[in-house]
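4 protein chains.
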Amino acid sequence: MSKPTAILLISCPDQRGIVARLSTFVFERGGNIVDSDHHSDLQAGRFLGRIEWEDDSDAAGRVLLRQELAAVADPMGGHWELHFSDVVPRIAIWCSRQEHCLLDLLWRHQAGELGAEIACVVSNHDLLRRHVAPLGLPFHVFPVTAATKAEQEQQQLGLLRRERVDLVILAKYMQVLSGDFLRAFPDVINIHHSFLPAFAGAQPYHQAHARGVKIIGASAHFVTEDLDAGPIIEQDVVRVSHRDTAEDLVRKGKDMERLALARAVRLHLNHRVLTYANKTVVFE
Amino acid sequence: MSKPTAILLISCPDQRGIVARLSTFVFERGGNIVDSDHHSDLQAGRFLGRIEWEDDSDAAGRVLLRQELAAVADPMGGHWELHFSDVVPRIAIWCSRQEHCLLDLLWRHQAGELGAEIACVVSNHDLLRRHVAPLGLPFHVFPVTAATKAEQEQQQLGLLRRERVDLVILAKYMQVLSGDFLRAFPDVINIHHSFLPAFAGAQPYHQAHARGVKIIGASAHFVTEDLDAGPIIEQDVVRVSHRDTAEDLVRKGKDMERLALARAVRLHLNHRVLTYANKTVVFE
Amino acid sequence: MSKPTAILLISCPDQRGIVARLSTFVFERGGNIVDSDHHSDLQAGRFLGRIEWEDDSDAAGRVLLRQELAAVADPMGGHWELHFSDVVPRIAIWCSRQEHCLLDLLWRHQAGELGAEIACVVSNHDLLRRHVAPLGLPFHVFPVTAATKAEQEQQQLGLLRRERVDLVILAKYMQVLSGDFLRAFPDVINIHHSFLPAFAGAQPYHQAHARGVKIIGASAHFVTEDLDAGPIIEQDVVRVSHRDTAEDLVRKGKDMERLALARAVRLHLNHRVLTYANKTVVFE
Amino acid sequence: MSKPTAILLISCPDQRGIVARLSTFVFERGGNIVDSDHHSDLQAGRFLGRIEWEDDSDAAGRVLLRQELAAVADPMGGHWELHFSDVVPRIAIWCSRQEHCLLDLLWRHQAGELGAEIACVVSNHDLLRRHVAPLGLPFHVFPVTAATKAEQEQQQLGLLRRERVDLVILAKYMQVLSGDFLRAFPDVINIHHSFLPAFAGAQPYHQAHARGVKIIGASAHFVTEDLDAGPIIEQDVVRVSHRDTAEDLVRKGKDMERLALARAVRLHLNHRVLTYANKTVVFE
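Protein chains in written order, with my numbering: chain A, 8 to 291; chain B, 8 to 291; chain C, 8 to 291; chain D, 8 to 291.
Heads up, a few of these hints could be off.
Identical chains blur together in the list; that is why a pair holds if it fits in one copy or across any two.
[Claimed, not checked] Heads up, simulated DSS-like pairs for lysine-lysine below, C-alpha to C-alpha not over 30 Å straight-line:
id: 1; residue 1: 286; residue 2: 156
id: 2; residue 1: 286; residue 2: 259
id: 3; residue 1: 10; residue 2: 156
id: 4; residue 1: 259; residue 2: 156
id: 5; residue 1: 10; residue 2: 259
Rather than coming from a laboratory, the hints here were simulated on the basis of the structure.
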């Protein structure tokens with residue numbers, strides 16, 4: 008798939024003719040649709056769609072396209088986004104002391120899997136700098152205490168703005184972001200090391216071990232003010248047995264964390280995820 | 008989802024404007040699209056789509072709809088089908104001596120999961136009549152030998168025509184259907200008790216046991232003249248260990264056979280499966 | 008495996024020489040061990056073991072065996088059970104209005120998968136009698152209200168005693184058993200239609216749909232007084248998507264309920280499950 | 008589990024009293040068994056066992072232990088191995104141009120998951136040196152052509168001897184090892200990028216894409232002279248759909264390759280794998 012594409016994501020009240028109007032819009036501008044997927048949640052009365060078409064217009068053409076699309080999509084009364092596959096999103100990876108999710112994302116980035124640029128890595132500790140510095144990526148440390156958190160978040164928001172970051176990935180970042188932060192920068196994906204909503208909160212593997220479950224999991228989700236309660240994008244699971252200690256669960260779970268987080272990030276960066284009613288629609 | 012729907016499945020050479028023309032067609036006839044999914048296989052240059060919209064027209068309206076749709080879809084130069092969700096398909100379940108897939112389908116039918124009418128059950132043995140007769144379903148026995156096979160297949164085709172059967176399900180029917188039969192009646196789904204293409208042919212669980220695999224599977228596929236080589240609709244797998252004998256593999260595999268076959272049948276009966284290039288596209 | 012076997016399950020404080028003493032005991036009585044599996048939970052300081060050996064002694068020989076074994080095992084200060092593979096356990100299946108788990112167990116029983124005798128089927132409704140009566144199995148109805156529950160449970164316990172039932176299987180029995188009942192008859196396995204501990208309690212599929220999870224599950228567990236909090240024996244999961252309504256989750260979940268319950272029951276009937284600290288050890 | 012352990016792996020003709028003799032042997036030497044697992048393949052008439060007990064004897068004590076064990080185990084007429092958990096195995100990772108399995112193993116090594124020392128990394132190309140050198144690990148390049156292969160294998164064997172390597176891991180090493188090499192150094196684990204025995208040989212993902220399978224997999228196996236036909240240790244699978252191109256299969260498959268290879272290596276390094284009859288017994 009060599010040609011760049013335009014991607015429209017739209018969520019709006021269900022109504023007759025949406026697909027026709029949008030696909031006709033694309034057709035009349037000479038676009039060839041390569042993938043389109045629409046779903047109506049009849050219970051919620053909501054239309055949710057994604058259209059991707061080949062588009063090699065220049066910057067001016069894209070400004071125009073966005074204006075013309077607004078004329079069609081705005082009256083539908085919902086939320087829509089237009090993306091272009093050749094505009095590479097910029098991400099910031101946030102970590103604390105555990106390296107597995109960070110290393111996994113760094114490796115996928117080098118392998119060309121993510122389709123994003125890593126603007127910077129952020130941590131509340133200096134520990135993982137040694138994995139980041141050799142790659143020539145900026146590594147920023149913001150130590151956080153209860154007293155300094157509000158101030159540090161302002162600094163972090165400043166960094167995200169300066170670096171034009173599109174998505175923050177919490178790759179085992181063990182701090183809770185405030186509501187103020189999330190209102191200022193809402194595009195944040197977290198990996199929680201349990202099969203949510205089971206074992207939200209602290210020490211999920213130890214909770215799972217104590218409960219004696221036979222399967223454990225990991226959940227990648229958008230971050231909201233409610234801890235571990237945001238819209239789930241992707242989950243994965245692995246079997247465990249009575250022979251597994253809590254430490255074995257941690258080890259096995261790390262693999263699921265890496266997979267679930269990487270898939271969720273890739274889906275979002277490919278503009279395949281919409282949220283509504285604290286859920287996600289994943290077009291895949 | 009109380010209103011009946013019309014469902015269009017289409018496979019044709021990829022070309023600009025297909026989605027626009029089809030969705031506009033639906034819109035101009037007052038249809039409300041509840042689900043639509045399109046995919047272009049860029050390598051094969053093929054467009055594959057499914058559109059489902061609410062439609063409560065009467066018989067005459069549907070004849071007209073089909074004619075009008077032909078005027079739009081025929082020029083696209085491919086294959087298309089129009090179905091209506093309130094037209095209940097008629098299926099024939101074929102079995103031999105093993106009952107698990109038959110019983111599973113009978114149970115799902117009673118539970119309203121299949122969305123089909125069971126026209127009859129066919130077997131080359133009388134053994135499973137006892138499961139079918141109490142439900143008031145016709146049970147037809149066609150003993151098959153090398154000498155009688157061609158003649159019996161003619162009888163079977165006659166039965167399928169008389170009973171207006173839309174789909175034959177080989178639920179562990181241990182006979183190979185001839186090319187003549189399949190040309191006369193091509194809509195046949197089979198369940199093969201291995202993770203195809205591994206272990207095609209006879210005794211797949213014993214082959215798997217001898218090979219020492221750690222995962223076994225089952226594959227539901229459309230039947231073609233090449234044994235176990237038709238387009239795969241659905242597969243499922245389960246872990247096994249060195250403690251499992253070949254008989255344990257048979258037992259564990261049966262559960263996967265039941266699940267994979269039931270899912271494949273349901274997907275097909277919901278008009279969610281298209282085939283091209285010996286593969287399936289499954290819109291789910 | 009044609010010869011009958013004796014099976015010892017033991018849970019006791021960890022101590023030196025347990026395996027040696029037990030396997031020497033078996034050897035000195037001429038037994039050939041066909042399977043043995045031991046595990047020490049070092050954190051809990053607990054030894055958990057299962058030994059299975061060929062044994063074709065007669066009734067008198069088995070009484071003697073049990074006495075001699077007591078002399079070896081009792082001093083270990085834990086809990087032990089001795090079973091014989093040719094003593095077929097008797098089970099009672101309890102159901103309410105949903106038939107899928109009942110039908111699945113009835114089918115597996117007919118297919119020889121369970122290795123148990125069905126003593127009777129119990130329900131608080133008459134609805135499912137039609138599936139049970141044709142098989143010649145007793146079907147007992149005990150309507151339960153808040154007022155009659157205690158009295159009905161006494162009747163039920165009487166039935167279990169008269170029928171010499173070893174295991175009660177709650178196959179979607181939608182009533183909570185009292186602590187009194189469970190103290191009198193503790194061997195009860197339940198299937199809960201969620202991936203416990205997520206979505207304990209009522210309407211788990213609707214809870215799961217509202218939460219927007221990407222994977223749902225089912226959990227088979229021993230019943231304790233705490234609702235849905237007993238030791239988990241087996242769990243299974245299946246992926247779901249935004250296209251799945253709560254009703255689709257119910258349908259997909261039923262398959263997992265059937266599998267998880269059947270596996271748990273079979274493991275227990277094969278004397279492969281030990282419980283300690285509200286967890287299970289599953290020797291498989 | 009802080010104390011070191013001794014681990015006995017044994018495969019021999021099935022016979023009465025094996026467990027008793029072995030566990031009594033351990034007990035009489037004061038060993039506390041922490042894990043033991045035995046299985047009789049009744050069809051093959053083979054006993055397969057693993058016993059692990061706490062052992063903190065010194066070097067001289069271990070020489071003695073091995074001699075005394077020989078007196079018990081040799082007469083059983085099979086194959087046995089004695090390992091000690093505090094003897095860290097030395098591994099050599101062999102790679103070609105693809106880095107994902109190499110990087111994964113390097114990461115797990117740093118995270119302490121493997122329980123092995125990396126003696127060196129070997130490749131037929133210089134490409135991946137940049138990932139290895141910064142860690143201070145030796146990286147040896149042996150370019151291989153049809154003409155030089157035999158000579159290079161002698162060099163490689165010399166390196167393995169000098170470096171006292173216990174296990175060679177083919178982490179996407181795209182060369183076939185000769186029978187001569189394998190007779191001289193048989194402990195080699197390979198990762199094949201398909202669900203064996205399906206799609207053995209070249210380009211398995213492209214084969215899988217052409218066949219239209221709905222699930223793909225990866226298989227970690229011991230290497231034998233027959234290409235991709237050695238005993239399978241571990242397999243893993245992932246679902247794919249019609250939307251996945253062959254390149255998507257490659258990407259999704261890489262994750263399964265990493266997981267299956269890492270698990271197989273860890274199981275083997277923990278002395279949990281026995282082979283017989285071209286199969287593995289995995290004690291886990």
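Hints, one by one, checked against the model:
{"no.": "1", "hint": "286 x 156", "result": "within (29 Å within a copy, 41 Å between copies)"}
{"no.": "2", "hint": "286 x 259", "result": "both (27 Å within a copy, 19 Å between copies)"}
{"no.": "3", "hint": "10 x 156", "result": "neither (45 Å within a copy, 43 Å between copies)"}
{"no.": "4", "hint": "259 x 156", "result": "neither (32 Å within a copy, 39 Å between copies)"}
{"no.": "5", "hint": "10 x 259", "result": "between (40 Å within a copy, 23 Å between copies)"}
Taken one by one, the earlier hints fail for this structure at numbers 3 and 4, listed in ascending order.
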